[in-house]
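**Q** Now for the letters of each chain:
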Amino acid sequence: MELSKESKDFIGRLQLYLMASGKKEKEIEEITEELKDHLLEAEQRGKSIEHVVGNSPKEYMEQFSREMILDKGMIFKVIPAICIGALAYLLMGEILDGGIELSLLEFIGYPVIFLIIIGLLSFFLRYISSHQPARWKEWLVYAVAGVLPMGSFGALIVLNNYFNTPTFEFSTVANVLAFALAAAVFIGLALWSKLWLPIIIPILLFVPEYLIGLTSLSTSTKLTLTSILIFAGPLIYFLTVYKKDHSSSA
Amino acid sequence: MSSSQLLKGILEGCLLSIISQGETYGYEMIEKLDQYGFTMVKEGSIYPLLLRMKKEGWVVTSQKQLPSGGPKRKYYKLTEKGELELEEFKKRWDTVSSSVERLLDKEG
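Residue numbers (this note's numbering), protein chains in the order written: chain V, 67 to 316; chain D, 48 to 155.
A couple of the hints might just be wrong.
[As the list claims (entries may be wrong)] Derived coverage of chain D by chain V (criterion: at least 3 residues anywhere in the stretch with Cβ under 8 Å from a Cβ of chain V; other residues may be distant):
id	region
1	84-95
2	98-107
3	118-126
4	143-151
[Said to hold, decoys possible] Among the chain V residues that face chain D by a calculated CB cut under 10 Å, a handful are:
id	residue
5	E107
6	H117
7	E235
8	T238
9	F272
10	E275
11	Y276
12	I278
For the record, the hints were derived by calculation from the structure and aren't laboratory data.
These figures come from a predicted structure and were not determined experimentally.
For glycine and all other residues, C-beta sits at the position ideal for the given N, C-alpha and C.
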């Protein structure tokens, strides 16, 4: 016995709604499984989905959302993870582009910004969990936590263009070490998120560019090829995954 | 308190009572409610309530795979805290229903 299309559709939308509201994945799964079970029983007895969830799916979803806690830990883990990933990505780009060149300002700035962000995030997290602030204050904190990393890295780039500080060039050994570190970060992120994406995306973006760089094609051909591959690679990857997902669930 | 909140509180008490009769799952609870004439209750509306009752520690759940296949079924069992809450609900309900009855009797 299969669920009707309407029911499947509703379950899918409920999942998406709860995920977008930052609810815990495990809890979402538990609820949708339970609802699936109920809808199956109801449909076997000839009841419609409206009979089960009422005329306003949105209202019903909100009812669920109100009873579920926000997965705050996840927000505060994801932001630093994205920062680390972005840094590793930047480093790897520089290495493949002929080696890392860091100005004194960048060399000091990145780690300092990083420590400040991590410190502030942990402060925010403790503040929210212990004070239970008003909703708008809580969202303000999330907004600051989201904008802060982007803003400070952006500011550093602007400052770096403005002030001329001495520049270091990494030696070959240092470049190799940095490369290994960045690769380790990608692998670590993949293991942590249980997704292949953190490994596949850098491979798709960097490997074609690097290989094309080794050929003796003209600069303009190289540029064209690179830009095509940078779009085509991820596109093909997502299409393959999408197809696989669809055939396995059908 | 809005009327929906009132109904929510009553429904929670009724669910506690149904679960107190033995381990059960969502669809079975709805069937029992139906038997007692709770036809105004939207079937799906019990799940957000059950979620809350679990958070309050009144019930515990366990997942069981059915021999017929399909999704795992979630079973609910009352905790000691849930039993206390059920007793509290019965007392509250007695007060409310006897007051309403007395009042309506006098009117009629």
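**Q** Hint by hint, note whether the structure agrees.
**A** Evaluated hints:
Residues of the region 84-95 of chain D with a Cβ under 8 Å from some Cβ of chain V number 6, which satisfies the need for three, so the listed coverage holds. Here's how the region 98-107 of chain D fares: 3 of its residues keep a CB closer than 8 Å to some CB of chain V, so the rule of at least three is met and the hint holds. Only residues whose C-beta sits within less than 8 Å of a C-beta in chain V count toward coverage, and the region 118-126 of chain D has 4 of them, enough to reach three; the restraint holds. Three residues within the 8 Å Cβ limit are the bar, and the region 143-151 of chain D against chain V gives 0, so the coverage statement is violated.
With a least beta-carbon distance of about 4 Å to chain D, the hint placing E107 of chain V at the interface is held under the 10 Å criterion. Taking 10 Å as the C-beta contact cut-off toward chain D, the hint placing H117 of chain V at the interface holds, the least distance being around 6 Å. Using the Cβ-Cβ criterion of 10 Å, the hint placing E235 of chain V at the interface with chain D is not satisfied: the shortest such distance is roughly 57 Å. Hint status for T238 of chain V relative to chain D: violated, with the closest Cβ pair at about 55 Å, above 10 Å.
For F272 of chain V, the interface hint is violated, the least distance from its beta-carbon to any beta-carbon of chain D being 42 Å, above 10 Å. With its C-beta approaching chain D no nearer than about 46 Å, E275 of chain V sits outside the 10 Å limit, and its interface hint is violated. Among the interface hints, the one on Y276 of chain V is violated; its C-beta lies about 47 Å from the nearest C-beta in chain D, farther than the 10 Å criterion. Taken as an interface hint, I278 of chain V does not check out: its beta carbon lies about 49 Å from the nearest beta carbon of chain D, beyond 10 Å.
The structure does not agree with the numbered hints 4, 7, 8, 9, 10, 11, 12 stated previously, though it agrees with the rest.
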